[in-house]
Amino acid sequence: MEKNKKNKPNFSSEFKNFFKFLLSEMKPKGKLLTPFNIIAAFVIALGGVLIFFRFYNGLASVTNLSQEFPWGIWVGFDVITGVAFAGGAYVVTFLVYILRMEKYHAIVRVTVLNGLLAYMFYAGALLLDLGKPWNIINPVIGNSFGMNSVMFLVAWHFLLYMTAEFLEFSPAIAEWLGWKKVRKVLHGMTLATVIVGITLSILHQAGLGGLFLMAKSKIHPLWYSEFIPILFFVSSIFAGLSMVILEGSITHKVFFRKLTPELKRTHHDILLGLSKICGGTMFVYLFLKALTFLHEQHWHYIFSPMGNWFLVEIVFFVVLPMIMFTQAARYRNVKLVKASSILTLLGIALNRLNISIIAFKWDAVERYVPTWMEIEITMAIILVEIVVLGWIINRMPVLGESPMWVKEQEKAAENLAH
Amino acid sequence: MDRRNFMKAVGLMGLATMPGKKTKAGQSVSDKEFNAILIDTTLCEGCEACLDACSESNKLPEAVTDPVAGIENKTSPNQLAVVNMYNVEDLEVTVKKQCMHCNQPACASACLTNAMFKTEEGPVIWRADKCMGCRFCMLSCPYDIPKFEYEKVNPDIKKCNMCYDRIKDGDIPACAEACPAEAIVYGTRKDMLEEARRRIYQNPDDYVHHIFGEDEVGGASVLYLSAVPFEKLGFKTKLGNEAMPKLTTDFLYSVPVIETLLPPFLLAISFAAKKSKEAGEGK
Ligand code: SF4
Ligand code: SF4
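Residue numbers (my numbering), protein chains in the order written: chain A, 1 to 418; chain B, 1001 to 1283.
These are calculated hints, taken from the structure and not from any lab test.
Ideal Cβ positions, reconstructed from N, Cα and C, are used throughout, including at glycine.
Some hints could be false.
List of simulated lysine to aspartate or glutamate pairs, EDC-like, C-alpha gap at most 16 angstroms [as the list claims (entries may be wrong)]:
hint	chain 1	residue 1	chain 2	residue 2
1	B	Lys1074	A	Glu366
2	B	Lys1246	B	Asp1215
3	B	Lys1236	A	Asp363
4	A	Lys216	B	Glu1242
5	A	Lys218	B	Asp1144
6	B	Lys1275	A	Glu102
7	A	Lys258	A	Glu401
8	B	Lys1274	A	Glu102
9	A	Lys361	B	Asp1144
10	B	Lys1232	B	Glu1092
11	A	Lys216	A	Glu68
12	A	Lys216	B	Asp1250
13	B	Lys1275	A	Glu414
14	B	Lys1274	A	Glu414
Only some residues are given here: those of chain A computed to face chain B with a beta carbon under 8 angstroms [stated by the list, open to error]:
hint	residue
15	Leu130
16	Gly131
17	Pro133
18	Asn135
19	Ala155
20	Ile202
All chains should be built: construct the whole structure from the sequences, respecting the hints.
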């Protein structure tokens, strides 16, 4: 792939050049008609048609939502699971900018980008689910604040966090556009945005769990606990990191030629390090789970079908991957790291779907099962995200080296500091 | 140090979100001046005159459900109240059901736009111009009352609003006006509670000695009297007396605490880590 950094316009150069540059960057790079692209195009197009139907005919025309089950997979999977998966960004920025673990510096940008896109698309999927999406302006501009609402908290933290993530990523955009001064300013804000971002993340990750606090009588007691917010927060750490591991392994393959030499060298080390952290946080999570279980004395539920289901989630999707992660870190087995990350992600999806759908009104006669259209639209959204991700990685310095002037700028800043 | 620090941070954050303090949020509206509806199931004849009045007053199609023992009718977007029949021992009991108009409603505390709203008069109303249709109210209401128009392009949340407009005009709710058996009466909540107690007191053998709605999930503006235990009439009797919004207050109150304490804490770690790294490099 060509390094088109040559005829980049200066910040001060004319608008016209800038637009020409943007236009040229719009064009796809590489082959268009790959099998992946063809399937993706089909799924996305179909998703677009279905979304049109959803807005033209109402929610009932494409979803199986009902009076008993007001939330389906668009909330339970797209938003609640998706946001947990996107937790990697705040954890990795925490490791790099707060604990100063330089090892992970090389993956900060791609992780933040992944997180930002995940929020834009998965939290954005919420717009499809809203009955009156145009009124979303009400809680935002403040003509109607429901201050006592967990949903209010979550919505605002989403919005602010997306802004913070955008700022965290923005130096890459400035580098791509060749905006030197802008990059300097943006780069200087990194620590502040990271700290704000981590705080916002912890709160909205917990807040997503908080949404279910009032559904006490509707969620099976094995899954309901007043500690849901804490459990959601802790599990978002290893959920997010597992996603970083999985995405990292995939981008490592797909974009291998773009990687910095450093990233090529440290890739395995990074995965093994993350694996250790995953194992550790999963242990904390398990401990908290056990604590609530014992505290609420839930033994008698274990021998019911729901109890067995609960055990499946805990044993196969928490305990097992936890052991796998720690073993993988100990014996430096990268394959095992990847396998455990997949298992963990499945487990998180299972947990979030249990709380929002499966163990929700577990004793109701009528069940909610998503329509193929709900699943189709979800897949379309994921694919659009992947396409946008690829587009950006192919153009901006995300995995690859920043342009030369960035290094000079950073060196100058460092000299100034000493 | 990295790992240990990390864990420490996690632990601290955990502590900070831990529910601990007891708060009294959601009690901003005191229940003294609320109005209420008292439904005496021992008087109800199951004629459904209330449902007809309800449909008419809310400009909805005629009610389609009939009270049949063994069938639990549920409210719907087109029918804001139902009358259900229960066979208990050799009694045939009919009960009108609709929104309870809770004193501290889960639906209103769930609503991020204040579209669901507890009025000073007592009714819990819904406002179309504010609602964004997230259906969080449906998820949160312990009685599963709010209903959503999934079929519509501009869907509304539908539930009984205790004829709020009529009340504002000084009228009484349509159902209370229509009931020929006087099983539905309307007045201040205090008076209604007194009336309910008087009935129990004067005819102790005709009633169970409990007023459903007096304390349930923090009390409600709809009160019920019954001759048989309430759980036999399909009432949710296991919800407890704690108001629903209390379930979220611990979490909500921890938010500003975390927001003020966490950033400086993170900043401190960051600087400490930087220092120790530089010290390490200097060697
Ligand atoms: S019964 Fe449900 S809808 Fe009615 S006020 Fe209470 S919480 Fe709200
Ligand atoms: S659906 Fe409407 S009324 Fe219900 S919580 Fe959401 S915004 Fe509020």
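Structure-based check of all given hints:
{"no.": "1", "hint": "Lys1074(B) to Glu366(A)", "verdict": "holds, 14 angstroms"}
{"no.": "2", "hint": "Lys1246(B) to Asp1215(B)", "verdict": "holds, 14 angstroms"}
{"no.": "3", "hint": "Lys1236(B) to Asp363(A)", "verdict": "holds, 15 angstroms"}
{"no.": "4", "hint": "Lys216(A) to Glu1242(B)", "verdict": "holds, 12 angstroms"}
{"no.": "5", "hint": "Lys218(A) to Asp1144(B)", "verdict": "holds, 10 angstroms"}
{"no.": "6", "hint": "Lys1275(B) to Glu102(A)", "verdict": "holds, 14 angstroms"}
{"no.": "7", "hint": "Lys258(A) to Glu401(A)", "verdict": "holds, 8 angstroms"}
{"no.": "8", "hint": "Lys1274(B) to Glu102(A)", "verdict": "holds, 11 angstroms"}
{"no.": "9", "hint": "Lys361(A) to Asp1144(B)", "verdict": "holds, 11 angstroms"}
{"no.": "10", "hint": "Lys1232(B) to Glu1092(B)", "verdict": "holds, 11 angstroms"}
{"no.": "11", "hint": "Lys216(A) to Glu68(A)", "verdict": "holds, 15 angstroms"}
{"no.": "12", "hint": "Lys216(A) to Asp1250(B)", "verdict": "holds, 15 angstroms"}
{"no.": "13", "hint": "Lys1275(B) to Glu414(A)", "verdict": "holds, 15 angstroms"}
{"no.": "14", "hint": "Lys1274(B) to Glu414(A)", "verdict": "holds, 14 angstroms"}
{"no.": "15", "hint": "Leu130", "verdict": "holds, 5 angstroms"}
{"no.": "16", "hint": "Gly131", "verdict": "holds, 2 angstroms"}
{"no.": "17", "hint": "Pro133", "verdict": "holds, 7 angstroms"}
{"no.": "18", "hint": "Asn135", "verdict": "holds, 4 angstroms"}
{"no.": "19", "hint": "Ala155", "verdict": "holds, 6 angstroms"}
{"no.": "20", "hint": "Ile202", "verdict": "holds, 6 angstroms"}
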